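Given chain D, put chain U in place with the hints provided.
Respectively, the protein sequence lines represent chains D and U.
So for the first sequence, our numbering puts the first residue at 29; every next one is plus one.
So for the second sequence, our numbering puts the first residue at 7; every next one is plus one.
None of these hints come from the bench; they were simulated from the model.
Just so it is clear, the structure is predicted and the values come from calculations on it, not from any experiment.
There may be inaccurate statements among the hints.
Calculated pairs, DSSO-like style, for lysine-lysine (alpha carbon to alpha carbon, straight line, at most 27 Å) [to be verified]: (1) LYS82(U) / LYS165(U); (2) LYS193(U) / LYS98(D); (3) LYS193(U) / LYS132(D); (4) LYS193(U) / LYS72(D); (5) LYS101(U) / LYS193(U); (6) LYS98(D) / LYS163(U).
Listing some non-contacts, in silico: residues in chain D with all C-beta distances to chain U over 10 Å [claimed, not checked]: (7) ASP52; (8) VAL64; (9) ASN68; (10) LYS72; (11) GLN94; (12) GLY99; (13) GLN116; (14) HIS130; (15) GLN133; (16) GLN134.
Ideal placement from N, C-alpha and C gives every residue a C-beta, glycine not left out.
Letter by letter, the chains look like this.
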Amino acid sequence: MKYLLLLSVLLVGCTTDTSGIAADSGKPDGKQWLIVDNLNLGRKLTIIDAATHQGMDRLRGVATIQSLFKGDLNLQYRFYWYDSNNVQLNNATTAWTPLSLHGKQQIQVQSVALVHNANHFKIYVREVE
Amino acid sequence: MKKLVLAASVLAFTLTGCSTQVSYGDPQEVETVDVAFGSSDLQKIAGEMTDSMISSPLLAEITANNRPIVFVERIKNKTTEHIDTESVTDSISTKLLQSGKFRFVDMSRVNEVREQLDFQNEVGLVDPSKAIAFGQQVGAEYMLYGNLASIVKTNKKTKDVYYKMTMRLMDLKTGLVEWADETEIRKAETKSTFGW
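Chain D with its partners taken away, still in its complex shape (with noise of 0.2 Å):
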């Protein structure tokens, strides 16, 4: 039982977590919507706003992402937008983007939404592991 215990423990020691924190800028009242998925990251890392502003004819998304944690951060970030019916648009969707936090640093991150019939985003940051 005990060396059960014991290999249960390993196993789940090898596993990664892939999950992230996620923000909406979509939410009904207008504040930001956060999403902690994973517990230890969400110690590390914020998004402080995600807003979605009109640029020339097509949504440009904005979301600042701060460090909290002291040391270098590896995260890859990806933008999912979606039309007023909470479609995703598949065609103005990014791919996974990396990005290196220095110690408590804050950034911004932007993307512009291919097709004029986006509405609001959602931004997903996860850890390399």
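Just chain U, lined up with the frame of chain D:
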């Protein structure tokens, strides 16, 4: 008997270790196999260049009431590695076309188009009233071109690669560069003394 079971199980484990596995991955995943130009770099460059062209105030005037016709010249590869720059160009032009703000003429298919028009007009198999006549294509107004350069530094432990992609949009009538932007990528590979 016990020895036989032990030997069989050892053999089974060894054979399992040798089997090849195929799996599907996320095409948008960040790829870090080595420091050479990879899929993540291509996606980053294409994304940033498209974002910049769509939202640039410099192009507000020319895209306000019409969709400019653009000819994409292949991006020049000035790095030391082999990079399929046509693929980078394709990604950028596809995204720009999807945005609905630009239109493109494809110079890489001119010979095929000429063959098809020759067939329609000269072979005699196509109804002449429905054949597409020569000389009706629309010429490009702008040319999109760019360079991809790299600086590579290596020492015993570290390899540092810096990529810089520059793109420009030129008005073919006046020769003026209406828009330009550049994007940078830095990648480093470190060999650890200990470890795997």
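Against the structure, the hints:
{"no.": "1", "hint": "LYS82(U) / LYS165(U)", "result": "holds, 24 Å"}
{"no.": "2", "hint": "LYS193(U) / LYS98(D)", "result": "holds, 22 Å"}
{"no.": "3", "hint": "LYS193(U) / LYS132(D)", "result": "holds, 22 Å"}
{"no.": "4", "hint": "LYS193(U) / LYS72(D)", "result": "holds, 24 Å"}
{"no.": "5", "hint": "LYS101(U) / LYS193(U)", "result": "holds, 25 Å"}
{"no.": "6", "hint": "LYS98(D) / LYS163(U)", "result": "holds, 26 Å"}
{"no.": "7", "hint": "ASP52", "result": "holds, 19 Å"}
{"no.": "8", "hint": "VAL64", "result": "holds, 21 Å"}
{"no.": "9", "hint": "ASN68", "result": "holds, 20 Å"}
{"no.": "10", "hint": "LYS72", "result": "holds, 19 Å"}
{"no.": "11", "hint": "GLN94", "result": "holds, 21 Å"}
{"no.": "12", "hint": "GLY99", "result": "holds, 17 Å"}
{"no.": "13", "hint": "GLN116", "result": "holds, 13 Å"}
{"no.": "14", "hint": "HIS130", "result": "holds, 14 Å"}
{"no.": "15", "hint": "GLN133", "result": "holds, 16 Å"}
{"no.": "16", "hint": "GLN134", "result": "holds, 20 Å"}
The structure fails none of the hints (numbered hints given earlier).
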